[in-house]
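Now for the letters of each chain:
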Amino acid sequence: MKKPWRGIPWTGETMTTRTSDPMAKPPQPLLDVRGLGITFSGPGSLVPVVRDVSLTVAAGESVGLVGESGCGKTVTGLALMGLLPFRTSRFDGQILLDGENLLELSERQWRKRRGRRIGMIFQEPMTALDPVFTIGAQIGETLRTHFRIGRSEARERAIEALAQVGIPDPATRHDAYPHELSGGMRQRAMIAMTISCEPALLIADEPTTALDVTVQAQIMDVLGELSARSGMAMLFISHDLGLVSQTCSRIVTMYAGEVVESRAADDVLCRPRHPYTSGLLRSLPSFTPRKGRLPSIPGRVPRPAEFPNGCRFEGRCPHAQQQCSARQQLQPLRDGGFARCWRSEELSLPGVLS
Amino acid sequence: MNKQEHPIIQAENVTVRFPVGRRKTLTAVDNVSISVRRGETFGLIGESGSGKSTLGRAIVCLERPTKGTVLHSGQDLHTLPRAAMRRHRQQYQIIFQDPAAALDPRMTILRSVREPLDVEGKSSLAERNARALEMMGKVGLGPAFAGLYPHQLSGGQKQRACIARVLTLQPSLIVCDEAVAALDVSIQAEILNLLADLQQEFGLTYLFITHNIGVVEHISDTVAVMYLGQIIEIAPADRLAEHYLHPYTEALLSAEPVALPTAMRPDRRILLKGELPSPMDPPSGCRFRTRCRHATELCAAQAPGLRELAPGHLTACHHAETFREKTAAYEGVS
Amino acid sequence: MQNQFLRFLLWRMVQFLPVVAMATLTIFSLIQLVPGDPAATIAGEYATAENIEAIRHSLGLDRPLWEQYGIWLWNAAQGDLSNSLLSGLPVMDEVLRRLPSTLTIAVLALCIAVIVGVPLGVLAATRADTMLDRLVTGIASLGVAVPNFWLGMILVSIFALGFGWFPTTGARPISEDFWGALHHAALPAATLATGGIAEIARQLRSSLIEVLQSQYVRTLRAKGLPNYLILWKHGLRNAALTLLTVIGLVFNHMLGATVATEAVFAISGTGSMIVNAAINKDFPVVQGAVFVLVLIVIVMNLIIDLFYSLLDPRVKKG
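Protein chains in written order, with the working numbering: chain W, 58 to 411; chain U, 661 to 994; chain S, 146 to 463.
If you are wondering where the hints come from, they were derived from the structure by calculation, not from laboratory data.
Note that the Cβ used here is the ideal one computed from N, Cα and C, for glycine as well.
Keep in mind that a hint or two might mislead.
[Claimed, not checked] Reference listing, derived: stretches of chain W covered by chain S, where coverage requires no fewer than 3 residues with Cβ under 8 Å from a Cβ of chain S:
1) 172 to 183
2) 194 to 204
3) 329 to 337
With the hints as constraints, model all of the structure from the sequences given.
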């Protein structure tokens with residue numbers, strides 16, 4: 058099918074800066090987050106919720122961001138979108154999208170990239186769409202924010218986007234209100250809205266957690282197909298290790314506001330290099346004989362105000378030693394990837410196979 | 661017959677209907693019969709709209725069946741006088757997905773745990789406190805938690821408090837309605853271990869309602885699969901994953917994500933077509949036929965009843981004996 | 146579709162009938178508590194007891210109370226609001242003569258309240274928890290608390306007596322002199338509007354804050370929509386239901402409050418008509434006026450209900 062808008066070049070301010078670099082470096086990743094720190098300021102207090110988060114997503118790549126609740130996954134995702142309240146949030150480090158630091162952009166410049174170069178879908182399809190506008194109106198509005206197109210063209214493209222995510226009878230559903238659709242269909246509509254502007258990167262924050270497993274399988278199928286077809290990269294935020302390992306080629310594990318491991322998915326599953334990742338994998342019921350005792354990680358994720366100075370996992374780690382009370386750095390590993398544990402090379406941690 | 665010889669729960673042709681709007685009715689549970697043995701864990705799996713929670717509520721007498729009966733150790737509690745029914749009902753307790761909603765935010769944990777005993781009003785305050793503290797100890801909440809309020813507890817600790825609360829009444833059966841669904845995997849593992857320990861210690865029977873196949877396979881002895889208000893397969897838990905006999909079970913199993921490296925991952929994924937039909941207007945014949953790729957004219961014409969194809973393994977599918985070969989053939993083609 | 150709509154309309158009308166009956170019955174009962182005897186008033190100072198009794202009999206005042214009310218209601222249902230006990234003139238004529246002044250004030254007050262209240266509410270919501278927000282909400286609380294008649298007198302002394310911009314009292318019929326009528330109505334309407342402004346600003350603020358914190362507004366920001374569209378298109382549209390409800394309540398309240406305002410500004414509207422008639426125990430007049438006002442309130446509510454189903458697709462008709 059012919060897509061007239063596919064050729065429209067993205068006319069962001071960085072076009073010149075991207076091409077002006079004469080040195081032929083290795084291809085830069087689409088998204089390059091370097092040492093991102095996020096601090097929330099409350100009345101009379103500063104709470105560092107995320108520290109030193111570094112991760113990359115190459116064009117067309119799917120990267121999973123995993124961890125328990127309270128580990129800073131969602132906050133990181135919102136920060137990449139510029140959706141945290143600027144009045145009460147402080148940022149350190151860099152968020153490089155196409156080589157330009159989003160954190161240095163004005164609110165207006167960032168807004169032009171939001172929805173266009175980088176899109177986001179959320180956990181609750183029930184509440185993520187405006188209840189008083191039709192699905193089509195909300196997609197059309199997105200398109201008309203970023204492209205100079207008329208109403209009829211916006212309608213055509215919206216219907217096409219709905220068809221792309223597998224919504225039956227898209228022309229009728231275009232004029233439906235969100236409450237007239239099921240949860241799965243709403244999440245599809247949400248995806249259609251987000252991909253209608255063909256972003257280079259999609260941040261998916263637990264997009265299927267609120268859905269049934271067979272519906273989840275349908276949605277994941279749609280997302281996989283879209284990224285394969287259009288080369289859209291994905292940062293997939295989830296607590297579900299199974300889902301992430303099915304979808305992503307690389308897995309980034311977060312714990313207590315830090316990245317603790319970042320490696321190829323299969324490597325993480327077979328030979329995790331951080332005790333926390335290992336603990337998460339081992340507590341899945343599928344890897345323990347039926348009725349057997351499930352391994353679990355003792356204790357719980359500390360609150361941001363109570364993050365320890367040294368290794369943040371030390372208190373729950375079965376392998377902790379004296380040196381763990383020193384601050385841990387994200388270190389490159391011999392077999393690729395990174396881990397934030399000084400014992401990562403010496404320990405042989407159980408993954409899903411052992 | 662001796663009380664011990666009856667199954668602890670014997671649901672016979674249970675139907676639960678709700679009025680919706682003026683003239684319509686929703687059949688949440690349609691002619692379901694199950695039998696739960698004393699001391700076992702009976703897993704009930706299904707997606708939203710399958711009626712699994714309604715069935716769970718009917719089993720603890722929170723819902724009165726429109727048709728059919730639920731026998732508790734051979735006795736229909738709905739036929740008893742009110743006071744006797746209330747006394748009997750205490751043995752059948754339920755815990756829910758959201759422990760935060762089940763605990764009063766203005767009550768200390770000790771008071772919340774003690775509350776069922778307060779309502780019962782049979783013992784002195786000192787005895788009730790002692791009993792509540794004992795049960796808190798059993799679920800891993802030390803005396804330090806007694807004076808805390810729910811907001812000071814994590815999700816896992818709140819669920820422990822809920823479990824302690826139902827334990828105070830010395831139940832023989834606990835319905836766990838998505839009791840671990842909202843918890844992180846590591847916490848989920850702890851709660852599942854705890855439930856197993858308590859089962860050992862108190863000889864509890866569980867009816868475990870969940871949408872998570874991994875969890876249900878792990879802890880159950882028997883698993884029943886529900887779809888649109890009906891049970892479509894019942895099997896011993898260790899048989900289900902390999903020897904399933906219903907296309908819907910097959911789809912559920914294949915949809916469940918598994919954390920395995922690429923090389924070991926089962927690459928066949930069955931995607932169900934379409935959406936769940938409305939429970940107010942279910943399809944004729946087999947309810948799954950509108951989404952089943954093995955459906956034939958027979959499936960539309962005649963509703964399949966549960967048939968026992970292996971010891972303890974029942975399925976409601978006309979093509980139970982043959983559909984798996986066809987599935988293999990599909991994969992061969994594609 | 147049309148048929149369904151008509152049925153909906155009819156059904157709402159039927160639902161309002163008991164409201165009308167209750168309202169007039171309450172008024173009727175309350176009037177009985179007012180001291181005085183209309184028959185004696187009509188008969189004059191030197192009337193004999195027989196005279197008064199005769200008048201009472203001719204007016205039907207010697208019948209049982211429930212019968213009096215029943216007769217009145219029966220006539221009212223047929224469009225006859227009977228005659229004033231004192232003047233003997235048809236109540237309907239008198240009400241219709243005075244209604245325009247009252248409605249002019251009330252509608253103008255409502256317009257002022259919306260025009261001023263909505264931007265204030267939006268301003269407070271978008272600057273939530275700043276000095277500006279606190280200022281607006283503070284003034285709003287004040288606006289709700291200040292009594293109308295007192296504010297009316299203050300406004301008169303500043304803008305009518307002090308600057309001489311507006312007439313101090315009276316009204317002009319809007320059918321003859323549109324601008325003159327508005328000019329006369331300006332101060333009473335402003336008096337009446339303060340409570341409405343405050344109420345609208347407060348309610349819109351809290352409703353809008355809730356909308357702006359919702360998940361779908363996060364989605365709107367995520368797709369790069371400019372802030373003004375998020376606020377004025379999606380924010381207001383979603384807060385519109387609350388706004389509409391408040392507007393309805395405010396208008397009802399304003400109609401009631403015209404009684405005091407008309408007294409302050411010496412306007413011969415329905416409000417002052419009710420007060421005078423009540424003092425004289427002229428119950429057909431009081432009831433006729435209340436009956437008409439209740440009807441207006443009901444029509445207003447009906448219009449608002451219709452807007453509900455237009456604004457929110459989740460509200461089904463019928």
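**Message:** Are any of the numbered hints broken by this structure? If so, which, sorted upward?
**Reply:** 3
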